[in-house]
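> Given next are the chains, with one letter for each unit.
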Amino acid sequence: MFLDSNFDRGGLTLHVHGRWLIENLAAIEAELAKVDVERARTLTIDASQLEELDLSGGWALHQRVELLRERGIKVDWKPTPPAQVKFIAGAIERAREQAAHTQDDEGLDLAQPVRALGRWAVAMAATLRAGLGFLGRICVVLAGALLSLRRLRLAGVARHVYETGVMAIPIVSLIAFLISVIIAYMGADQLRQFGAEIFVVDLVTIGVLRELGVLLTAIIVAGRSGSAFAAEIGVMKLDEEVDALVAIGTNPVEVLVVPRILGLVIALPLLTVIADAVGLVGGGILCYFLVDIPPAQYIDRVQQAIAPTTFWVGIIKAPVFAFLIAFIGTARGMQVRDSSRELGRLTTVAVVQSIFLVILADALFAVVFLELDI
Amino acid sequence: MSGSVIIEARGIVNRFGPQVVHDGLDMDVREGEVFGIVGGSGSGKSVLLRTILGLQRPASGSVNIYGRNINSLSEEEMRDVKRGYGVTFQHGALFTSLNVRQNVQLPMTEFFDLDEETLNGLADMKLVMVGLGAQVGDKFPAQLSGGMIKRAALARALALDPKLLFLDEPTAGLDPIAAAGFDELLIDLQRNLELTVVMVTHDLDTIFRTCNRVGVIVDRRMIVDTVEGIVSNKHPWIRQYFHGPRARAVAQVKADDHGT
Numbered sequence: 001m002f003l004d005s006n007f008d009r010g011g012l013t014l015h016v017h018g019r020w021l022i023e024n025l026a027a028i029e030a031e032l033a034k035v036d037v038e039r040a041r042t043l044t045i046d047a048s049q050l051e052e053l054d055l056s057g058g059w060a061l062h063q064r065v066e067l068l069r070e071r072g073i074k075v076d077w078k079p080t081p082p083a084q085v086k087f088i089a090g091a092i093e094r095a096r097e098q099a100a101h102t103q104d105d106e107g108l109d110l111a112q113p114v115r116a117l118g119r120w121a122v123a124m125a126a127t128l129r130a131g132l133g134f135l136g137r138i139c140v141v142l143a144g145a146l147l148s149l150r151r152l153r154l155a156g157v158a159r160h161v162y163e164t165g166v167m168a169i170p171i172v173s174l175i176a177f178l179i180s181v182i183i184a185y186m187g188a189d190q191l192r193q194f195g196a197e198i199f200v201v202d203l204v205t206i207g208v209l210r211e212l213g214v215l216l217t218a219i220i221v222a223g224r225s226g227s228a229f230a231a232e233i234g235v236m237k238l239d240e241e242v243d244a245l246v247a248i249g250t251n252p253v254e255v256l257v258v259p260r261i262l263g264l265v266i267a268l269p270l271l272t273v274i275a276d277a278v279g280l281v282g283g284g285i286l287c288y289f290l291v292d293i294p295p296a297q298y299i300d301r302v303q304q305a306i307a308p309t310t311f312w313v314g315i316i317k318a319p320v321f322a323f324l325i326a327f328i329g330t331a332r333g334m335q336v337r338d339s340s341r342e343l344g345r346l347t348t349v350a351v352v353q354s355i356f357l358v359i360l361a362d363a364l365f366a367v368v369f370l371e372l373d374i
Numbered sequence: 001m002s003g004s005v006i007i008e009a010r011g012i013v014n015r016f017g018p019q020v021v022h023d024g025l026d027m028d029v030r031e032g033e034v035f036g037i038v039g040g041s042g043s044g045k046s047v048l049l050r051t052i053l054g055l056q057r058p059a060s061g062s063v064n065i066y067g068r069n070i071n072s073l074s075e076e077e078m079r080d081v082k083r084g085y086g087v088t089f090q091h092g093a094l095f096t097s098l099n100v101r102q103n104v105q106l107p108m109t110e111f112f113d114l115d116e117e118t119l120n121g122l123a124d125m126k127l128v129m130v131g132l133g134a135q136v137g138d139k140f141p142a143q144l145s146g147g148m149i150k151r152a153a154l155a156r157a158l159a160l161d162p163k164l165l166f167l168d169e170p171t172a173g174l175d176p177i178a179a180a181g182f183d184e185l186l187i188d189l190q191r192n193l194e195l196t197v198v199m200v201t202h203d204l205d206t207i208f209r210t211c212n213r214v215g216v217i218v219d220r221r222m223i224v225d226t227v228e229g230i231v232s233n234k235h236p237w238i239r240q241y242f243h244g245p246r247a248r249a250v251a252q253v254k255a256d257d258h259g260t
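Residue numbers (this note's numbering), protein chains in the order written: chain A, 1 to 374; chain B, 1 to 260.
Hint data in this document are derived by calculation from the structure and do not stem from the laboratory. Here the structure is a predicted model, which means the values were calculated and not measured.
Some, not all, of what chain B presents toward chain A, calculated at C-beta under 7 Å:
hint, residue
1, THR96
2, SER97
3, ASP113
4, LEU114
5, THR118
6, LEU122
7, MET125
8, VAL128
9, MET129
10, GLY133
11, ALA142
12, LEU160
13, ASP161
14, ASN192
Glycine residues also receive a C-beta, built at the ideal position from the N, C-alpha and C atoms.
Working from the sequences, and respecting the hints, build out all of it.
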């Protein structure tokens, strides 16, 4: 369809015709591959019947010709090579001259895996170092704030309390309500076998106040705000806004990072209080409908169930979780460089890592509280 | 330079809220010419380009590319029109998560089913053509200089061998040497590939060196003339544009060059 070939005493003649355009390139390549050049010593290309030729078609032709030339076959054009082929040949020739003195070979070698391991170790050490450095810079700003309150950027802090705290109230409440309903429901089912339904109240109260209220709130906030921190700061990095801040003479850690951390450290304990309250209400409602405990008795039982420390054991974890989430989110955001893919990757890393660290920290708290007997 | 008209914009009106950017703007681009769009900041050069590309629907008026009214085409037909032209954006708009070679290959893989080897060969050819070595293909956009980004963007715009090329401020942000190099490249490609080029530019050097005709957006309409014609136009804004201190400096340098 695009070429005919005929063979005459070692001389191969290729008649190219039709529309050699990029949309036909796959078919053209297939036809070119079929031409038998094994016995050919000379090749004549007749391009006089070509209807259309674009650069991609020209490239396919040029590639073929170069391949045959390398095999020692003499190639002639009839009447002359098309302008596109000449243009490509010229451009490639010029590039070859330029590239002649910038060649470097990277061969295979056995040390490759060892080198990769070394690079990985160095990269990990660098990440750890960078994290520590980042923590240090945050501490410096916080220490500076002791001298001048202006450095705390209270307007920014307030904005982040609003965005990460107030805006999260509906979803946090809903989840706290549902989770205490689930616990009460499961618990009632089991405890009924022993006739000890009243202990459902203890289960809900202690479960929500000590662990689930704060843990679930932290996980929701990590997904909601940790990702937002990483993405916001990451885009600012990509658009060189962070560089602009540095150039203006402000400290990006002071302007971008510390307000977010402080905002979340304030917001998360408050959210936890709300989650605790909604969780207790949810437990109460379920107790009333499922095990017939009237509200007055429920409140009475709650008061008996909780030790003076129960509430505080939960709430004390909130600022720590908040710090972990905000620290990871902002640090990952600051690491974004060069590409939009990097932004997505680091946002994901921020969320996964902060949730992991929150749960790890919760486990450590559990051990510590157990040892302290509270 | 009197080919048939391939872009025909008639009575374009664009407005954002109460602000009218274009009010009955007409523009023709003929085959094989380099057409420069000039105008003050905020005069709607980029808006006009976006309108022609179909990225923005005008409040009224029509745009015909190769005789097809782009505002009444189905998505399928519009894809077909888009296949026929290449675009470079002001800041390159290379996809940062792809390397340069993949950037150039993206339009090819989008439209055609080609094997890996062919794709690599074609992309390298395009890179070489715009004066970047094939080894640049492995780099990511963030590793390129401003001039290289413009060239890589041009390579991507030429990926499907279009006959029509739109350039938005192709030399903005380049040093004079790099800008002159880009002008030379553009002239070279335009002659050899018989391209029609529509470009938005502020660069007087580029206008004088590359454009056949210039359309100036003044008073929400377009005044079109040859470069010589537009330079001697009497409109106060155009006079100031082409006879201001910067323009005089360019003219002076040109005169000196001819003298030697």
